[in-house]
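Which chain is which? The protein sequence lines are A and B, in order.
My numbering numbers the first residue of the first sequence as 1 and each following residue consecutively.
My numbering numbers the first residue of the second sequence as 175 and each following residue consecutively.
Treat the hints with care, as some may be off.
Computed cross-link-like contacts, DSS-like style, restricted to lysine-lysine with a CA-CA straight-line distance of at most 27 Å [stated by the list, open to error]:
#1 K441(B) <-> K32(A)
#2 K441(B) <-> K430(B)
#3 K32(A) <-> K331(B)
#4 K415(B) <-> K264(B)
#5 K25(A) <-> K246(B)
#6 K162(A) <-> K32(A)
#7 K356(B) <-> K473(B)
#8 K331(B) <-> K152(A)
#9 K331(B) <-> K158(A)
Taking CB as the label site, the calculated pair distances span [claimed, not checked]:
#10 G168(A) <-> E440(B): 28 to 38 Å
#11 D116(A) <-> S519(B): 48 to 58 Å
#12 D195(B) <-> A143(A): 32 to 42 Å
#13 P241(B) <-> T31(A): 53 to 63 Å
#14 D171(A) <-> T438(B): 29 to 39 Å
#15 N50(A) <-> K243(B): 46 to 56 Å
#16 R13(A) <-> D195(B): 23 to 33 Å
#17 T159(A) <-> E449(B): 42 to 52 Å
#18 E423(B) <-> D171(A): 33 to 43 Å
#19 E412(B) <-> N50(A): 44 to 54 Å
#20 S123(A) <-> M175(B): 45 to 55 Å
#21 D228(B) <-> A34(A): 29 to 39 Å
#22 P46(A) <-> K243(B): 33 to 43 Å
#23 N135(A) <-> A220(B): 33 to 43 Å
A few chain A residues that face chain B, going by a derived Cβ cut-off under 8 Å, partial list only [claimed, not checked]:
#24 D15
#25 E20
#26 K25
#27 L27
#28 T28
#29 I30
#30 D42
#31 S71
#32 R72
#33 E73
#34 S91
#35 I95
#36 N102
#37 G154
#38 F156
#39 W166
Hint data in this document are derived by calculation from the structure and do not stem from the laboratory.
Using N, Cα and C, we set each Cβ at its ideal position, and we do this for glycine too.
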Amino acid sequence: MKTFSGKVLFLDRSDINTDEIIPAKYLTEITKEALKPYLLEDLTLPGFNNTEDINDKAVIVTRANFGCGSSREHAPWALEVNGINVVIAESFARIFRQNMYNCGMLAIELPEDKIDYLFENYSGKDTSITIDIENDKIIVTSADKSEEIPFKVGEFAKTLVKEGGWVGYADKNY
Amino acid sequence: MGRTIAEKIFDAHRVDMPFSDTHVLKLDRVFCHEITTPIAITDLMARGMDRVFDPTKIKAVIDHVTPAKDSKTAEQGKILRDWAKRHGIKDFFDIGRNGVCHALFPEKGFVRPGYTVIMGDSHTCTHGAFGAFAAGVGTTDLEVGILKGVCAFHAPKTIKFVLNGALKPGVYAKDLILFIIKELTVNGATNKVIEFSGPVVDEMSMESRMTLCNMAIEAGGTCGVCYPDMTTVEYLWEFIKDEFNSKEEALKEYSKWMSDDDATYEKVYEYDVSELEPMVTFGFKPDQVKPVREMAGTKIDQIYIGSCTNGRIEDLRIAASILKDKKISDDVRGIVSPATPAVYSMALKEGIIEIFQDSGFCVTNPTCGACLGMSNGVLAEGESCAATTNRNFNGRMGKGGTVHLMSPATAAASAIEGKITNSPLYKG
Chain A
1 MKTFSGKVLF
11 LDRSDINTDE
21 IIPAKYLTEI
31 TKEALKPYLL
41 EDLTLPGFNN
51 TEDINDKAVI
61 VTRANFGCGS
71 SREHAPWALE
81 VNGINVVIAE
91 SFARIFRQNM
101 YNCGMLAIEL
111 PEDKIDYLFE
121 NYSGKDTSIT
131 IDIENDKIIV
141 TSADKSEEIP
151 FKVGEFAKTL
161 VKEGGWVGYA
171 DKNY
Chain B
175 MGRTIAEKIF
185 DAHRVDMPFS
195 DTHVLKLDRV
205 FCHEITTPIA
215 ITDLMARGMD
225 RVFDPTKIKA
235 VIDHVTPAKD
245 SKTAEQGKIL
255 RDWAKRHGIK
265 DFFDIGRNGV
275 CHALFPEKGF
285 VRPGYTVIMG
295 DSHTCTHGAF
305 GAFAAGVGTT
315 DLEVGILKGV
325 CAFHAPKTIK
335 FVLNGALKPG
345 VYAKDLILFI
355 IKELTVNGAT
365 NKVIEFSGPV
375 VDEMSMESRM
385 TLCNMAIEAG
395 GTCGVCYPDM
405 TTVEYLWEFI
415 KDEFNSKEEA
425 LKEYSKWMSD
435 DDATYEKVYE
445 YDVSELEPMV
455 TFGFKPDQVK
465 PVREMAGTKI
475 DQIYIGSCTN
485 GRIEDLRIAA
495 SILKDKKISD
505 DVRGIVSPAT
515 PAVYSMALKE
525 GIIEIFQDSG
535 FCVTNPTCGA
545 CLGMSNGVLA
555 EGESCAATTN
565 RNFNGRMGKG
575 GTVHLMSPAT
585 AAASAIEGKI
595 TNSPLYKG
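Kindly produce the complete structure, drawing on both the sequences and the hints.
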């Protein structure tokens, strides 16, 4: 199982699409590692710099409809090779969310007020998040506080994340 | 209790329900192209699982970058080509016979009412026009599809559009779907199936229905669906005539893939679209839509007519009817990509290719081309394109470029004017 813990990258925008996560011109790459420098290259977000802000981050917290657009699994792969295995958002596009689970990564949906709360209290600070998948808890920590927020993902998603992905599960069961 | 078409297809294809939120469905078709499939193939090979569940149900094409533009795209094509050969996948379409997947596969009769279809391409929802459940998936789902012939989905929730009235001359399926996405927003149909119904859809050709369903994903939809009817049977007849004694018999069989009158919907939208105007996008999201009238005069640098949304013969005919005996503006570059070889041949025979060339358009081979900025027709920084494609994301056709989505009629008229303008076919 992958690890789900580390520093947080806050992306304060809805509808961040797959072309922004990884532009199509890099879809000619045939290894995941080759995608590493290009993550979020086309994201236009005031104050965001993809060559500096991604370093050492392991978790993304963002708004609604993250990963909309293309089916390209290169989008979660580009996160994965940068060490980001968790995205926490108000909602996800269906294909992107399933791609995350299929790769054994975690896409966690929280209600809008919880996402607002995280942005208001933790954005702009040195914040870390650890996911306790056994107890369905997000543990969020900054210099001055630490707290737990409960979350829920579907049983299928959880099983795929624990078993490391869909190919192994499907080969065993079907 | 009544069931929707998606619920009926799920019931007929379910092989397992390992969890309460998970339906594992048997697949009738797994479609493949050279961008998302080669990495699935190499992963399966690395796992020692270089197998396919049924070579007759897998169809593959090289369409996104063709001819190959560099060593990497040549390698992607080679991996797909070698794999198709190795596993006896007979329906593999290489250069000279290839075309944009969502135009080519329907043309070959590969999709039928009631089918389950996946492909590693978000616009797979196009095939719902035939009354199928067709969904775009990532590479891992594709791998499992290739290996086991199954895919997992949540239970389908359906929203229904009842489209009444009649579209004005010069207003098309593209204008209608842009209007619908504006109403739904880019997130409005996430995890849902969208049914398109009503007199307006009943009157539509299969080409127009494909245009509608193609953009369901732009509202987040898993699949767009139209009910199978005599138009569906006529389109498929060449491929199904040995299975049925008459078209009426085929229609009766396919009619079982209709939603029941008392089916449960999450929401039903009903519109009279008789006053709908030609529509166009602004900004970088497909729900940022305005009437063309409000965007008239917006300068453009390139026109692109093609793609899985609007590169079919119907689209080329409409554009050519506007371009005939006219020249496009010296200030714009025009590119047209017939979606398939059959579309290209028809356009040649009908004199449409000549009209495009005489007007100043560059006619390319069938390919996805400029649509996703991977192939020919990429924009430079700060340039804009009037396009019949489906997605206007920031930098979609090239870093720093802007895309305005519109119908082929609006694109052709805009090419002549060198700026966004309503088509002369539009009777406002």
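Here is how each hint holds up against the structure:
no. : hint                            : verdict
1   : K441(B) <-> K32(A)              : violated (40 Å)
2   : K441(B) <-> K430(B)             : holds (23 Å)
3   : K32(A) <-> K331(B)              : violated (34 Å)
4   : K415(B) <-> K264(B)             : holds (22 Å)
5   : K25(A) <-> K246(B)              : holds (11 Å)
6   : K162(A) <-> K32(A)              : holds (21 Å)
7   : K356(B) <-> K473(B)             : holds (23 Å)
8   : K331(B) <-> K152(A)             : holds (20 Å)
9   : K331(B) <-> K158(A)             : holds (22 Å)
10  : G168(A) <-> E440(B): 28 to 38 Å : holds (34 Å)
11  : D116(A) <-> S519(B): 48 to 58 Å : holds (57 Å)
12  : D195(B) <-> A143(A): 32 to 42 Å : holds (39 Å)
13  : P241(B) <-> T31(A): 53 to 63 Å  : violated (24 Å)
14  : D171(A) <-> T438(B): 29 to 39 Å : holds (35 Å)
15  : N50(A) <-> K243(B): 46 to 56 Å  : violated (25 Å)
16  : R13(A) <-> D195(B): 23 to 33 Å  : holds (28 Å)
17  : T159(A) <-> E449(B): 42 to 52 Å : holds (50 Å)
18  : E423(B) <-> D171(A): 33 to 43 Å : holds (41 Å)
19  : E412(B) <-> N50(A): 44 to 54 Å  : holds (50 Å)
20  : S123(A) <-> M175(B): 45 to 55 Å : holds (47 Å)
21  : D228(B) <-> A34(A): 29 to 39 Å  : holds (32 Å)
22  : P46(A) <-> K243(B): 33 to 43 Å  : holds (35 Å)
23  : N135(A) <-> A220(B): 33 to 43 Å : holds (34 Å)
24  : D15                             : holds (6 Å)
25  : E20                             : holds (6 Å)
26  : K25                             : holds (6 Å)
27  : L27                             : holds (5 Å)
28  : T28                             : holds (4 Å)
29  : I30                             : holds (6 Å)
30  : D42                             : holds (5 Å)
31  : S71                             : holds (4 Å)
32  : R72                             : holds (7 Å)
33  : E73                             : holds (4 Å)
34  : S91                             : holds (7 Å)
35  : I95                             : holds (6 Å)
36  : N102                            : holds (4 Å)
37  : G154                            : holds (5 Å)
38  : F156                            : holds (4 Å)
39  : W166                            : holds (5 Å)
The structure is inconsistent with the numbered hints 1, 3, 13 and 15, although it conforms to all the rest.
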